[in-house]
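A.B. asks: Listed in order, the protein sequences are those of chains A and B. Just so you know, our numbering puts 56 at position 56 of the first sequence, and the rest follows in order with no gaps. Just so you know, our numbering puts 67 at position 67 of the second sequence, and the rest follows in order with no gaps.
Please note: incorrect hints may appear among the correct ones.
DSS-like mimics (lysine-lysine), calculated; alpha carbons at most 25 Å apart, straight line [stated by the list, open to error]:
| id | chain 1 | residue 1 | chain 2 | residue 2 |
| --- | --- | --- | --- | --- |
| 1 | B | K149 | A | K61 |
| 2 | A | K61 | B | K20 |
| 3 | B | K142 | A | K61 |
| 4 | B | K133 | A | K64 |
| 5 | A | K6 | B | K5 |
| 6 | A | K6 | B | K155 |
| 7 | A | K61 | B | K68 |
| 8 | B | K20 | B | K5 |
| 9 | A | K124 | B | K5 |
| 10 | B | K68 | B | K79 |
| 11 | B | K133 | A | K61 |
| 12 | B | K133 | A | K124 |
Over the 12 Å line for every Cβ pair with chain B, so calculated as not near, a few chain A residues [said to hold, decoys possible]:
| id | residue |
| --- | --- |
| 13 | W19 |
| 14 | T21 |
| 15 | Y26 |
| 16 | D34 |
| 17 | V43 |
| 18 | I47 |
| 19 | V70 |
| 20 | Y85 |
| 21 | V99 |
| 22 | P103 |
| 23 | K104 |
| 24 | I105 |
| 25 | V109 |
| 26 | I126 |
Just so you know, the hints here were simulated from the structure itself, not pulled from any lab data. The C-beta atom is built at its ideal place from N, Cα and C for all residues, glycine as well.
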Amino acid sequence: MNKTNKIYLSIGLGVVTLWDTITTIYGTHTIAGDGAAQLLISVGFGIGFSIVLIRTLPIIKNPKEDFFVVSAKLMWGLVLLYDLYTAFLGNYNLLLTTVYDTPKIIIAVGLTIFTCYSPIYLSKLIYDTSDE
Amino acid sequence: MTLFKEASKENKRFTELFDKICKDLDLDKLIVMHFINQDLERIYNSRIRIDDTQLSHLEREVKKYTKKEADLKSEIAKKELLSRNLQTEIENHTLSLEKKKELLVVKKQELIELQNKINQINSSLLEIEQQKKQTEYDIMMKNYSNTAKNDISHKYLRIFLTIITILAIIIVTFLIYKK
Numbered sequence: 001m002n003k004t005n006k007i008y009l010s011i012g013l014g015v016v017t018l019w020d021t022i023t024t025i026y027g028t029h030t031i032a033g034d035g036a037a038q039l040l041i042s043v044g045f046g047i048g049f050s051i052v053l054i055r056t057l058p059i060i061k062n063p064k065e066d067f068f069v070v071s072a073k074l075m076w077g078l079v080l081l082y083d084l085y086t087a088f089l090g091n092y093n094l095l096l097t098t099v100y101d102t103p104k105i106i107i108a109v110g111l112t113i114f115t116c117y118s119p120i121y122l123s124k125l126i127y128d129t130s131d132e
Numbered sequence: 001m002t003l004f005k006e007a008s009k010e011n012k013r014f015t016e017l018f019d020k021i022c023k024d025l026d027l028d029k030l031i032v033m034h035f036i037n038q039d040l041e042r043i044y045n046s047r048i049r050i051d052d053t054q055l056s057h058l059e060r061e062v063k064k065y066t067k068k069e070a071d072l073k074s075e076i077a078k079k080e081l082l083s084r085n086l087q088t089e090i091e092n093h094t095l096s097l098e099k100k101k102e103l104l105v106v107k108k109q110e111l112i113e114l115q116n117k118i119n120q121i122n123s124s125l126l127e128i129e130q131q132k133k134q135t136e137y138d139i140m141m142k143n144y145s146n147t148a149k150n151d152i153s154h155k156y157l158r159i160f161l162t163i164i165t166i167l168a169i170i171i172v173t174f175l176i177y178k179k
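Chain A on its own, in the form it takes in the complex:
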């Protein structure tokens, strides 16, 4: 891939990843409830989960089979599931405020998949430099 294109694509996916982080903060805050501590924890979860998803490639492609590598892969799976849920919650409540009924759910599912896929693809762009 052309380097300039890669940079633009990285910026685009970076912005969507940022939105993914925001939806994670929002989703966690919705689950945890009001309060300064809950907000702080939500921010921590948002940033932490985004870091895990951006590091998808090093986690998944690690060929070692020791406990930490395997458990990291398992954690990555759980983080992805949680991210799917919070992304759906964020897109449904924050983004699609003017759409109603069935289309709202369909669009929310589509956006959720795109939102969660962005940090994973961004991970490939950052770590896999074999095509440069």
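Given the structure of chain A, go ahead and fit chain B onto it with the hints provided.
C.D. replies: Below, chain B without anything else, positioned relative to chain A:
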């Protein structure tokens, strides 16, 4: 001497009986003798005929059984021959089977050896595959670290993403907190 005595006794008895019959029936001795002779002749003939019939029947039976015996002997001989042939065939087959068994054992052994070799090759291949994956992973991480160190655009991109992330998080946190 005893035989002679017995004969003369029986002879006397016959003479007495003969005389008694002639006297009781008031018949001439010649007539009585004629009937006695006739009866004796009839008994003799009848007996001989019976014996002849029995003999011929027995002869037929003997012939039949002799033929049967011969047939059976021939059958037995045939069966014996068949049995001998079968025995020979069984022996041949047993021998062939034994050879095949031995061959099978040898082939099994060869197969086990080949299996072991395949397992070893598989194990080596897996090891090589694992090493290849590890090397690819190491190269990927090394390339990333080199790019992160040397590529200016990569550096700027990281700074940009970090700044907008921090800003966005601050804004979102502030908005949620205010709400």
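A.B. asks: Next, verify each hint and record whether it holds.
C.D. replies: Hints, verified against the model:
For the hint pairing B:K149 with A:K61, the CA-to-CA distance comes to about 22 Å; that is within 25 Å, so the pair holds. Taking the CA atoms of A:K61 and B:K20, the gap is about 146 Å. The hint is violated against a cut of 25 Å. This hinted pair checks out: B:K142 and A:K61 have alpha carbons roughly 14 Å apart, not beyond 25 Å. With a C-alpha separation of about 9 Å, the suggested pairing of B:K133 with A:K64 holds against the 25 Å cut-off.
The suggested pairing of A:K6 with B:K5 is violated, with an alpha-carbon distance near 157 Å, which exceeds 25 Å. This hinted pair checks out: A:K6 and B:K155 have alpha carbons roughly 14 Å apart, not beyond 25 Å. For the proposed pair A:K61 and B:K68, the alpha carbon gap of about 94 Å is over 25 Å, so the pair is violated. A C-alpha spacing of about 22 Å is found between B:K20 and B:K5, which places the hinted pair at or below 25 Å, so the restraint holds.
Taken as a hint, the A:K124 and B:K5 pair is broken in the structure, with Cα atoms around 148 Å apart against an allowance of 25 Å. The straight-line distance between the Cα atoms of B:K68 and B:K79 is roughly 16 Å, inside the 25 Å bound, and the hint therefore holds. Simply put, B:K133 and A:K61 have alpha-carbon atoms about 8 Å apart, close enough for the 25 Å limit, and the pair holds. Distance restraint check for B:K133 and A:K124: the Cα-Cα separation of roughly 16 Å lies within the 25 Å cut-off, and the hinted pair is therefore satisfied.
Chain B draws A:W19 into its interface by the beta-carbon criterion, the shortest separation being 8 Å against a cut-off of 12 Å. Once the 12 Å rule is applied to beta carbons, A:T21 is inconsistent with being away from chain B; the minimum gap is 7 Å. With 12 Å as the threshold on Cβ separation, the claim that A:Y26 sits away from chain B is violated: the shortest Cβ distance comes to roughly 7 Å. Listed as a non-interface residue, A:D34 fails to keep its Cβ farther than 12 Å from every Cβ of chain B; the least gap is roughly 9 Å.
With a minimum CB-CB distance of about 6 Å to chain B, A:V43 fails to clear the 12 Å threshold, and the non-interface call is violated. The claim that A:I47 is not at the interface with chain B is violated, since a C-beta of that chain comes within 12 Å of its own (minimum 7 Å). With 12 Å as the threshold on Cβ separation, the claim that A:V70 sits away from chain B holds: the shortest Cβ distance comes to roughly 15 Å. Residue-level check passed: A:Y85 sits 18 Å from the nearest beta carbon of chain B, beyond 12 Å.
With 12 Å as the threshold on Cβ separation, the claim that A:V99 sits away from chain B holds: the shortest Cβ distance comes to roughly 22 Å. Every CB of chain B is more than 12 Å from the CB of A:P103 (nearest about 26 Å), matching its label as outside the interface. Distance check for A:K104 against chain B: the nearest CB is about 22 Å away, which clears 12 Å, and the non-interface claim stands. Residue placement check: A:I105 keeps its beta carbon more than 12 Å from all beta carbons of chain B (closest about 24 Å).
Every CB of chain B lies more than 12 Å from the CB of A:V109, the least distance being 23 Å, so the non-interface label holds. Listed as outside the interface, A:I126 is inconsistent with that label: its C-beta sits roughly 7 Å from the nearest C-beta of chain B, within the 12 Å cut-off.
Hints 2, 5, 7, 9, 13, 14, 15, 16, 17, 18 and 26, counting from the list given before, are not met by this structure.
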